[in-house]
Each structure stands twice: as C-alpha cells, then as structure tokens.
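Build out the structure end to end from the sequences listed, making use of the hints.
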Amino acid sequence: MRPLPRPLQILTALLLLAGACSSDGGDLERAEGPSSTAGPSTTADEGRPADGEEPTEGADEGGDVLRLGLAGPMSLDPAAISPASVSSMILVDLVHDTLTEVDGEGRPQPGLASFDANEDRTLWRFTLGEDATFGDGTPITADDVVASLDRVRSQGGASLAAIALEDVAAITAVDPRTIDIGLAAPSAVLPEVLASPLYGIVDRDLLPTAVGAPLNPSGAHDVEVTAPDRLVLERRRGEGPDTIELRLFPDDAAAYDAMSAGELDWSPVPVDRLGDAGTEFGLGGLVPFHATLLLGVNPNAEPLARAPLRQAISLAIDRATLTEAVFGPTAQPLRGLVPAGVAGAAGECVGFCGPDVERARQIVAQAFPEGPPPPVTLLTDDSATHRAVAGVLSEQLGAAGVELAPSSLDPTTYEATLATRQHQLFLYSTLGVGLTPASHLLAWQSSSPDNLAAYGQGLVDAAIAAARAEPDPAVRVARWREIEAAVLADVPVVPLAQLRTVAVVREQVRGLHVRADGSIDVAGVTFPGS
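Here my numbering is used: the first residue of the sequence shown is 6, the next is one more, and so on.
Worth double-checking, as some hints may not be accurate.
Label pairs and their computed distance ranges (CB to CB) [claimed, not checked]:
no., residue 1, residue 2, range
1, D281, A190, 49 to 59 Å
2, P533, P380, 53 to 63 Å
3, T231, S451, 29 to 39 Å
4, P476, T231, 39 to 49 Å
5, R242, L211, 49 to 59 Å
6, D121, A467, 23 to 33 Å
Derived from the structure by calculation, the hints contain no laboratory data.
Glycine included, C-beta positions come from ideal geometry on N, C-alpha and C.
As structure tokens, then:
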C-alpha cells in the first residue's frame, strides 16, 4: 500500500474545486448568468447563434489562423504541468505528441508508435513510426521515450501522472525504434493511459522548460516563440489548420478581454463574467471536464453500516438542484463514477438515483423503527464551495429524516482527517489521468489507498483485475460499466457533480473539440465564416 497522504494529491489538486475548469484558480462559486439547462456540449459547434444571425459586432474573423487564448502559469514540459489546468493541457498537447492516441470511442490508436502486448498484458512493445520526428527533423528515438516517461515516473507520489504509472516495472530501449514497457500486474489499459498529454515525448538532449527557451517539439507543429506571450505553430504533419496562434495571458480575465476585442477564437472565461460571455458568444465552450465532486459514505461506520440508510441517503439527494445551486452552468450533475466525456460513461444515472424523498423517508423509517437515526457527521473543508454543498445536502437529507452534523476543517486538518478513513460522510474530489474508465474505478479496489471509504468487496476486486487484463476494448468498457454499477449498488459513494471547462468559442470556428481531460482536437477545425 502507498502512504496515505499520496492519494490526497487528487484532493490537493482540486482543493475547493478551484482551477480545474478555469486556469487561474479561485473558488468556484455559483455563477449568475445563463441557465444550466443549456446542458453540456461535446463540441464547440453547440450553443452558438442560430443560422442567419449576425456574428458579434466588431469580431475579427481571423482568416484560417486558429487563435487560442491560454491563461495561468505555463510550461512546455509535460512532466511539470497539472492535469487540473485546461490551458496547460492544451499547450502541451499541441507542442508534444504521445506514443498513442484515443479515438472518439475511447479505443487506443497509434500515435508516434504502434503497439502490441504479450498474451497476459504484462509486457507492451511500442515501435516508433518512420514519421516520428522532432521539429528539427531528427528521428525520435527509444532513448527519448525512455527518458520522457522515466522523468514522469521519478516524481512518485508528487504527480498524478506518476501515480497512474505505478504498475510500470521497467521501460527499456530495445533498439533505436523499439521500447518495451514491463508491468508488475496485467493491464490492457496502458495504451489508453499513455495517450494523455502528460506523457508527451520530449527531446532528451533539449528538455523543455520555460516558454521561450530552446525547444525541439515532437508534435505535429513547428513552434516559433514570436513574443514572450505568443507562440506560432505551423503544421508539419497531420490534419487541421495550417497555423495556430497561442496567446498566453496571466489569468482568465485578461484572456477573455482579448476574446471580446476580437483577437481570439477560443478563450477561458472568468466565472463572474460567464453571463455576459453566454450572451455574446453562446455556451458552446462549456464542455465536460473530468473533475468530479463525490459524497463518500463509509460502509463500516455506524449507522452507515446499515445498507438501507446508505441507499436512502443516495435517493434523497437531488444532484441537479445541488449542482445548479452551488455551481450554476460551471458544472453538471454526475451520473456515475465515470464522468461524461470518458469512454464508457453512463448515459443514465447509475445506482440509487434520486430525488425520491418519499421512498428515502420510507426506507429510513423501516430501518430505524425505534426512531430517527442518530445524526451523521459530514466532513468538509472550510471552503465556500464545500460549505454551500453541505448546506444543500443538509436540507435534502433532512427532508428524508437524516440529520447531518457538518464538520468543517481547515485544508491541512481536513486532509489528515480524511486519510484516517474513520469519518462517516465526507466530500471529496477526483481527477482522472487520461480518458479511460480505469482512472476513475481502480480506486474501488479494496487494496487501493485512493479508496477513502475503506470499501472492500472480493467480487469487485476480481472484476477490476479482469477488466484491466481484458484485451478487447469494447468488452473492457462493458466490464467497467458492470463494476461501476456493482460499486454504486453498495453505496460507498454518491456521485454529485462534474465540472465543466468554462470557455467560449467564436462562431466562425467549427469543429474545435476540447476533450474531457483538457486535451484538444483541432484536426476537424474549419472556418466557414471566414
């Protein structure tokens, strides 16, 4: 088992649910403005003015150059960025390529390399393609791959990307074009994981550092830093716009000012300006992000050891009302453990789904015929977001006859208390690495230190091991869905909300797709209005 503080990297990265969908942080309060009934969009084409409407007055169409505004601290080093920053993920994704890619169905595809595995999926071989070259034309070598991935692994528990590779036993350069990755346990999901921009391949002799430092990109674009805050990318292979201009801003507000001035085609939006942004540009830039808010339920602590009470709690919660009250359009109700935008995410709510207050009240009365159950402690941090969520939960559960006793702690004490696994109910956040269900379901193994509810079922453990080793991607997704349903049937957790990338996109740009993990797909971008 890993030291318990390590899984709290997830909680630290998303503390207060801040900065996961905006680039410059800040506690995400409910945004006044557009109604969340508009729903999430998976492409940038939704939420725009209808055909025939005039584009925003004063907007610069920008020709066939795609202009993106990125905000917050920036690095060109895949090993140095946080997966909680959409702007950082976009930057690294455009500059560096990965060994693999994931298609729209969540299936791994060759990126810089083709791949194959032995029968039990404990050894993966990656073969670099002939067109796998750096920006200066030199071939990407197996030594570059080993150096790139070992740099990530060396960070250990300080990095979510390193944690996702904890089963990697060795990465070996077999020859200049061939890399073997040996695993300590069978896993068929390694190619899906390695598609994340966090595992971009870098030149081992010219490691990327600050923007403007010498760079030899492995991605599909030649990169020129034309100013300290401006990069111009010229496509050298693949599909998409010939030119992408990246503007770097200190915060979301500065980026959005440039967007409003007609200087950008896509930009993050400060939450307090989302109302104006929706009016001016529509809500096409609000897409699902894979950061989630969960209510942990300790099945080993009385009175929650009684399964009917856990079921009643889940049934009493109205996720849509909670999400709207606390986050407005910056989040959406979470249907299951696998967030929307990740392959295998449920189309309908999974498990004991509310709101069904009457049924919840009946279950509580039957489980506690002698009188109401004792108050249940809810552990939160002292952020405004957690306090707001606790207030809504107290009201909703109280209507079902379950009294909450919130316990709000400072962040350090909260994390230390959470790590003890002795609490009853608790709010916490998760953030996946890559677009695979495994990133959100492996925590429910009984041996996982990320299993903060101390949940353990032998059948679930066996099913997770089988899903990880399953070679067929379609069968693997089906198994992950079964695992998700089995966990939620026991109610060690209630999914609450999923954050969204808070951004806007100009009408003249079509086909721009920011994925749930913050990576970006520009291959289908067109400029029909230019």
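Check: Can you name, in rising order, the numbers of the hints this structure does not satisfy?
Finding: 3, 5
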